[in-house]
Amino acid sequence: MPRQRASEQAPEERNHNFLEVSFGFDEARALVEASRCLECKDPACIKGCPVNINIRGFVERVVEQDYLGAINTIREANALPGICGRVCPQESQCEIMCSLGKKYTPIAIGKLERFLADYEIRHDLFRLPDVIERHDEKVAIVGSGPSGLTCAAELAKRGYGVTIFEALHAPGGVLRYGIPEFRLPRDILDLEIDRVKALGVEIVTNFVVGRTATIDELFGEWGFSSIYLATGAGTPHFMGIPGESLSGVYSANEFLSRVNLMKAYQFPEYDTPIKIGRQVAVIGGGNTAMDAVRTALRLGAETAYLIYRRSRDEMPARHEEIHHAEEEGVQFVLLTNPTRILADDRNWVRGIECQRMALGEPDASGRRKPVPMPGSEFVLEVQTVIEAIGQSPNPIIQATTPGLEVSKRGTVVTDEKKETSRVAIFAGGDLARGGATVILAMRDGKVAAESIAQFLGAKRGAAGNGDAAPEAAPAGV
Amino acid sequence: MLARGDLLEARFPILAKWLLAPTVAKFVIEAPLVARKHRAGNFVIIRINDTGERIPLTVVESDSAGGTITLIVQAVGKTTKALCAMEAGQAIRDVVGPLGNPTPIERVGAVACVGGGVGTAELLPIARALREAGNDVHTIIGARTGELVILEDEMRACSSSVTVTTDDGSYGRRGLVTDALSALLAEHPEITVVYAIGPLVMMKAVTGLVEPLGRKSVVSLNTIMVDGTGMCGGCRVTVNGEMKFACVDGPEFEGSGVDFDELIARNRTYVDLERIADERAACQLTTAQGAAR
Chain A
1 MPRQRASEQA PEERNHNFLE VSFGFDEARA LVEASRCLEC KDPACIKGCP
51 VNINIRGFVE RVVEQDYLGA INTIREANAL PGICGRVCPQ ESQCEIMCSL
101 GKKYTPIAIG KLERFLADYE IRHDLFRLPD VIERHDEKVA IVGSGPSGLT
151 CAAELAKRGY GVTIFEALHA PGGVLRYGIP EFRLPRDILD LEIDRVKALG
201 VEIVTNFVVG RTATIDELFG EWGFSSIYLA TGAGTPHFMG IPGESLSGVY
251 SANEFLSRVN LMKAYQFPEY DTPIKIGRQV AVIGGGNTAM DAVRTALRLG
301 AETAYLIYRR SRDEMPARHE EIHHAEEEGV QFVLLTNPTR ILADDRNWVR
351 GIECQRMALG EPDASGRRKP VPMPGSEFVL EVQTVIEAIG QSPNPIIQAT
401 TPGLEVSKRG TVVTDEKKET SRVAIFAGGD LARGGATVIL AMRDGKVAAE
451 SIAQFLGAKR GAAGNGDAAP EAAPAGV
Chain B
1 MLARGDLLEA RFPILAKWLL APTVAKFVIE APLVARKHRA GNFVIIRIND
51 TGERIPLTVV ESDSAGGTIT LIVQAVGKTT KALCAMEAGQ AIRDVVGPLG
101 NPTPIERVGA VACVGGGVGT AELLPIARAL REAGNDVHTI IGARTGELVI
151 LEDEMRACSS SVTVTTDDGS YGRRGLVTDA LSALLAEHPE ITVVYAIGPL
201 VMMKAVTGLV EPLGRKSVVS LNTIMVDGTG MCGGCRVTVN GEMKFACVDG
251 PEFEGSGVDF DELIARNRTY VDLERIADER AACQLTTAQG AAR
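Chains as they are written, first to last, in this note's numbering: chain A, 1 to 477; chain B, 1 to 293.
Derived by calculation from the structure, the hints in this document are not laboratory data.
As the structure is a computational prediction, the values presented were derived from the model and not from experiment.
Cβ coordinates follow ideal geometry from the N, Cα and C atoms, glycine included.
Treat the hints with caution; some may be incorrect.
Only some residues are given here: those of chain B computed to face chain A with a beta carbon under 10 angstroms [stated by the list, open to error]: (1) K17; (2) L19; (3) K37; (4) I48; (5) G97; (6) L273.
Just need the whole structure built from these sequences, with the hints factored in.
See below:
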């Protein structure tokens, strides 16, 4: 039986709108797909999932048409299934481990997860889990991206009071400002966030930790017992080539924030403007680059180039997104690196000069290093340039929190339990990893929640002389 | 301690409003967290409603105990016109801050403070802080015409001297602030630092004037901003050949290092779309008024 495919909006239609590209599985296809599962004794797929969802377990329940059981199996490990089913790079995680993939094609685990998340919404199946025990301690979470939301949900389920502080006016982090609506519809995002709030998590927006209040003030006058830092990697890199200050040059962060967070694609109904040329160049090969170049087409660009210095095989973006971009008419300019951006007489971009590259020996990352080919320069005529070449952590918290150890790359240093160099402060997601994936950020949030619960439990045990049940004390020693 | 519950779904009420000039309004806004942390030179990003854009505004003064901040706004485009039309009792959707680095305030002896247009409002907290630090403050206020001169009394209260200039000579001295500054610097050789806030062309001219005289200029750059927290680079400027983000590295820089021409060009990026938004808003207003009649 072949792997089932979800139906999609036609490329020539969807590249003019911001509606979701994939429609996901219907029930019939989900059942066929789930029935392909070999039900391995020692399922490797579960090890491939960064949050170790019981994949075999939920797929079996789909086969039995116990969809409520299936979604609740996922929810035991993952608070944001509607998001992960859409944006995880399954081909390099759960699905690459699938035994069926060794000879045939792997189970479409991501699409099944998404089917269940959608089914749960359609049939209003979500119920709040019971909180076994309430605790007095309050935990502050800095940043409302996937890592912060996950940590918050896990701690709330354990009975802690949780407040998330978010710098922007709306929660979600990269899910809100970065990932476009055609990959992650905003009603899904809003719903998942509402469910985290329904667990009792407070989200305070417009609050820049480090400016509005420092970490030490959150411990002191605000009365928090522990803090999880999950501020991501939001500072954009620029290439450092001539012409980057011209009008028409954007970081992908600015371009995507204007479109996704501020809804500039609905200007002038929304007040934030965006400008796009007839020809657009996006630089980079990751998911951010794919999001930017596909967004440019939807804003009306006639030609959208994706300039990447390595070859297609080395692109870090999800296979599905590269494939979608290609279908939508994005022109891939591979083994090519920009050398400067050219100006017209009004200081607007008129073109981008590039150089061809060849692949040399593997570098430290294990990928073959691109080497410039002298004399191969050529100019692409474009009026907009969007740079999606990577991000590093925003330095505000590191600079305002004494004693917090930070690496040379600007990431916060943590141990495997996500504990930082300062007592009671934990960190994870892109802030600790540099730019990574949504699911790894969520995994860190889960691990940190466990560590924070342990830390607070130990503190309570140490302070609670006499209060604890006498027979419990020796067992803990 | 603040009640955290109050911050959820926070809106920021306008407690009082005055018109300082026909197109300039002063607002006192309830924003206790910003008020507690505000220092001279800080700004906030505001969004007036759910379809609004995020715009940066300098905090002119704050009352930490009362939990309020004061903003002074000139109506120049759709958002600022809509804001200036708001009244006490209404609320701003989002206010975040304080953002940017506070102005480093040192006792250097004598300083000049030069404000152009609504930049005078941004200069006021700095002039006050410089005075409180024990500096002799000489102030120059420039405006296109007499009715646009703002905050003259407040500036007098913290300055040793105040010169008002208008382009058309309708009030004070006729001419540009740079003319008055030349005279001031000649008269007061002890002035070592000039703080200038106003339109970019004015700050560029002030820098061009004081540099050759061996004095230092400090300017506050008004760039295009989106988030105001360093995550987009929309506010990037070239300072001493290096790319800086005005929202986190500034907004103040020593004028001598700033590539003003580049920034002036960049700030024109959305000029046509800004006009479309503005005209469309004005058109809707006219229709609504017509319908009301």
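Now the hints, each set against the structure:
1. This hint is violated: K17(B) has a C-beta 21 angstroms from the nearest C-beta of chain A, more than the 10 angstroms allowed.
2. Look at L19(B): its Cβ only gets to about 23 angstroms from chain A, farther than 10 angstroms, so that hint breaks.
3. Because the smallest distance between the Cβ of K37(B) and any Cβ of chain A comes to about 6 angstroms, under 10 angstroms, the interface hint for this residue holds.
4. At about 9 angstroms, the closest approach between the beta carbon of I48(B) and any beta carbon in chain A falls short of 10 angstroms, and the interface hint on this residue holds.
5. Of the supplied interface hints, the one on G97(B) holds, with its beta-carbon coming within about 7 angstroms of a beta-carbon of chain A, less than 10 angstroms.
6. This hint holds: L273(B) has a C-beta 4 angstroms from the nearest C-beta of chain A, less than the 10 angstroms allowed.
Hints 1, 2 from the earlier list are contradicted by this structure; the remaining hints agree with it.
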